[in-house]
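Relying on the hints, combine the two individually framed chains into one complex.
Protein sequences appear in the order of chains Y and A. The first sequence begins at 1 in this note's numbering and counts up one residue at a time. The second sequence begins at 1 in this note's numbering and counts up one residue at a time.
Honestly, the hints are just simulated from the structure, not real lab data. Backbone N, C-alpha and C define an ideal beta-carbon position, used for all residues, glycine too. Any given hint could turn out to be false.
Selected chain Y positions facing chain A (Cβ under 7 Å, derived; list incomplete) [unchecked claim]:
no.	residue
1	Cys-12
2	Gly-29
3	Pro-44
4	Thr-96
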Amino acid sequence: DAKTTQPPSMDCAEGRAANLPCNHSTISGNEYVYWYRQIHSQGPQYIIHGLKNNETNEMASLIITEDRKSSTLILPHATLRDTAVYYCIVRRASNTGKLIFGQGTTLQVKP
Amino acid sequence: KAGVTQTPRYLIKTRGQQVTLSCSPISGHRSVSWYQQTPGQGLQFLFEYFSETQRNKGNFPGRFSGRQFSNSRSEMNVSTLELGDSALYLCASSSSSLGLERDTQYFGPGTRLTVL
Numbered sequence: 001d002a003k004t005t006q007p008p009s010m011d012c013a014e015g016r017a018a019n020l021p022c023n024h025s026t027i028s029g030n031e032y033v034y035w036y037r038q039i040h041s042q043g044p045q046y047i048i049h050g051l052k053n054n055e056t057n058e059m060a061s062l063i064i065t066e067d068r069k070s071s072t073l074i075l076p077h078a079t080l081r082d083t084a085v086y087y088c089i090v091r092r093a094s095n096t097g098k099l100i101f102g103q104g105t106t107l108q109v110k111p
Numbered sequence: 001k002a003g004v005t006q007t008p009r010y011l012i013k014t015r016g017q018q019v020t021l022s023c024s025p026i027s028g029h030r031s032v033s034w035y036q037q038t039p040g041q042g043l044q045f046l047f048e049y050f051s052e053t054q055r056n057k058g059n060f061p062g063r064f065s066g067r068q069f070s071n072s073r074s075e076m077n078v079s080t081l082e083l084g085d086s087a088l089y090l091c092a093s094s095s096s097s098l099g100l101e102r103d104t105q106y107f108g109p110g111t112r113l114t115v116l
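Looking at chain A on its own, in the form it has when it is part of the complex (with noise of 0.2 Å):
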């Protein structure tokens, strides 16, 4: 079963613009995570999407957002790029329905956004 992918892999923005980022969970999982993580703050929970909808959100200004697919396929828009957006993003799939603590997440390799 393929894994969790990201694109694109690498990306250089200047300040001020948007920027859009992809993510496909492994087949049959249903909740989407998104993580940002920078040198300075570690490993930080964007939000998380399953069905289309927005389950859970970390503590984010709303320059930060996304989506999800029918197909469960999912994309998270930064708008306004700061100087301090320049981070690994990263993106989760689980199979939850019932977001159980059993429920394990799978990352995939993440974005690596530069903002100059």
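Looking at chain Y on its own, in the form it has when it is part of the complex (with noise of 0.2 Å):
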């Protein structure tokens, strides 16, 4: 799978946008970026996926460069519960059932 890396830490107002960014430099054509945040030793939570077009939820947006290089995801008007580990992971197909969690971003929304 392809390595990612993302800053350490992060902080962000309340209330603002939260962008976090990831690069994965060495993607392959076929594999699809991930995010997942875990708040304080609880199981990690799926956020969003993408291919290669932009893509929104009710959670947040990723937004993946045309190269697929790159990536960040946006968590519009963050509150202080966004406070998490966020993770960046980029999968294969052949790694069935297997995530590969890097360190992450931790992301401290402050009032």
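Dropping the structure here:
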């Protein structure tokens, strides 16, 4: 699976948009980008995933660059409850049932 | 639809003992994966089961084993517990039949194992 690089930590003011970057320069054409988050000591929560096009759901938006070498997760109006570790994962089909987690980005939303 | 459930939520064992953890996947999901999370190593993949067969395996010693039942429920077992096995054990399920990249895994709350 392609390696991902994320900043170790970020701050965001409550009510503002949180933009979390992820680099995946070795991504292959059939690999999806997944985002999960983990609030302290809970199980990771699925947020969103995409292949080429930008995606949006009720939680967030995912912007993938045209060359697919990087992506940005956008939380449009961050709240204190969005404070968590955010993981960007690139997944290959051959690794069935397996997600490779890096260290993620710790997002701290401040009042 | 109910989410992934794991039992027990907390467990305390002593070195040398064995432990069995249980995971019930989301209804209709046939793939179950197990992960170990420790402060030092982060989240690491243990193994995946699909249709009662282990389909993928991580780099863990043979003391870690699992199985899946015909109703897709899964158990993992750790024998001869060591202090370093203290961790949060997470289970995830997906509807995957082909292990496609787009198949989404949904995680349970985890079992916190403490080995004394």
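Okay, the hints, checked on the actual structure:
1. Using the Cβ-Cβ criterion of 7 Å, the hint placing Y/Cys-12 at the interface with chain A is not satisfied: the shortest such distance is roughly 23 Å.
2. About 11 Å separates the beta-carbon of Y/Gly-29 from the nearest beta-carbon of chain A, more than 7 Å, and the hint is not met.
3. A hinted interface residue such as Y/Pro-44 counts as satisfied when its beta carbon comes closer than 7 Å to some beta carbon of chain A; here the least separation is about 5 Å, so the hint holds.
4. Taken as an interface hint, Y/Thr-96 checks out: its beta carbon lies about 3 Å from the nearest beta carbon of chain A, inside 7 Å.
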